[in-house]
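A.B. asks: Let's have the full structure, built from the sequences with the hints guiding it.
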Amino acid sequence: MNSLSLRRNCIRLLRLFRLKEVLRRGRRILVQQLQSNEYRRKSLINTSQIERNWKKPSLKAKRGYYR
1 MNSLSLRRNC IRLLRLFRLK EVLRRGRRIL VQQLQSNEYR RKSLINTSQI
51 ERNWKKPSLK AKRGYYR
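Numbering (full-length UniProt numbering), first residue to last: 1 to 67.
Quick caveat, the hints were computed from the structure, so don't treat them as lab data.
All of these numbers come straight from a predicted model, not from anything done at the bench.
Careful, some of the hints might be misleading.
Derived Cβ-Cβ restraints for the label pairs, each shown as a range [stated by the list, open to error]:
hint, residue 1, residue 2, range
1, K20, R41, 38 to 48 Å
2, I11, R41, 43 to 53 Å
3, N9, L30, 28 to 38 Å
4, S36, S3, 47 to 57 Å
5, S36, L14, 27 to 37 Å
6, E38, S3, 51 to 61 Å
7, R41, L4, 51 to 61 Å
8, Q35, L6, 39 to 49 Å
Beta carbons: idealized from backbone N, C-alpha and C, even for Gly.
C.D. replies: So this is what it looks like as structure tokens:
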């Protein structure tokens with residue numbers, strides 16, 4: 001009985017550890033994606049500003065939708 005509960009606890013700990021590893025890996029991937037998106041956005045800022053100035057303000061913009 002005692003050894004069985006010990007084994008269960010070990011399995012539980014292993015699962016937790018694996019979950020943490022997976023989360024860590026996922027977080028690392030997310031951080032990489034965010035950094036690459038940031039880089040893309042910085043390179044695209046100028047063109048988007050030019051486009052925004054070039055386009056006529058839409059109805060939503062007149063209503064203050066994009067503030």
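A.B. asks: Take the hints in turn and mark each one as holding or not.
C.D. replies: Quick rundown of the hints versus the structure:
The hint said 38 to 48 Å for the Cβ distance between K20 and R41, and at roughly 31 Å that hint is violated. At roughly 44 Å, the beta carbons of I11 and R41 sit within the given window of 43 to 53 Å. About 31 Å separates the C-beta atoms of N9 and L30, a value consistent with the hinted range of 28 to 38 Å. Range check, S36 to S3: about 50 Å between beta-carbon atoms, so the 47 to 57 Å window is met.
A hinted range of 27 to 37 Å for the beta carbons of S36 and L14 is consistent with their spacing of about 33 Å. Evaluation of the 51 to 61 Å hint for E38 and S3 yields a pass: the beta carbon distance comes to about 52 Å. For R41 paired with L4, a C-beta distance near 55 Å keeps the hint of 51 to 61 Å intact. Here the CB-CB span from Q35 to L6 is close to 44 Å, well matched to the stated 39 to 49 Å.
The structure is inconsistent with hint 1 alone, although it conforms to all the rest.
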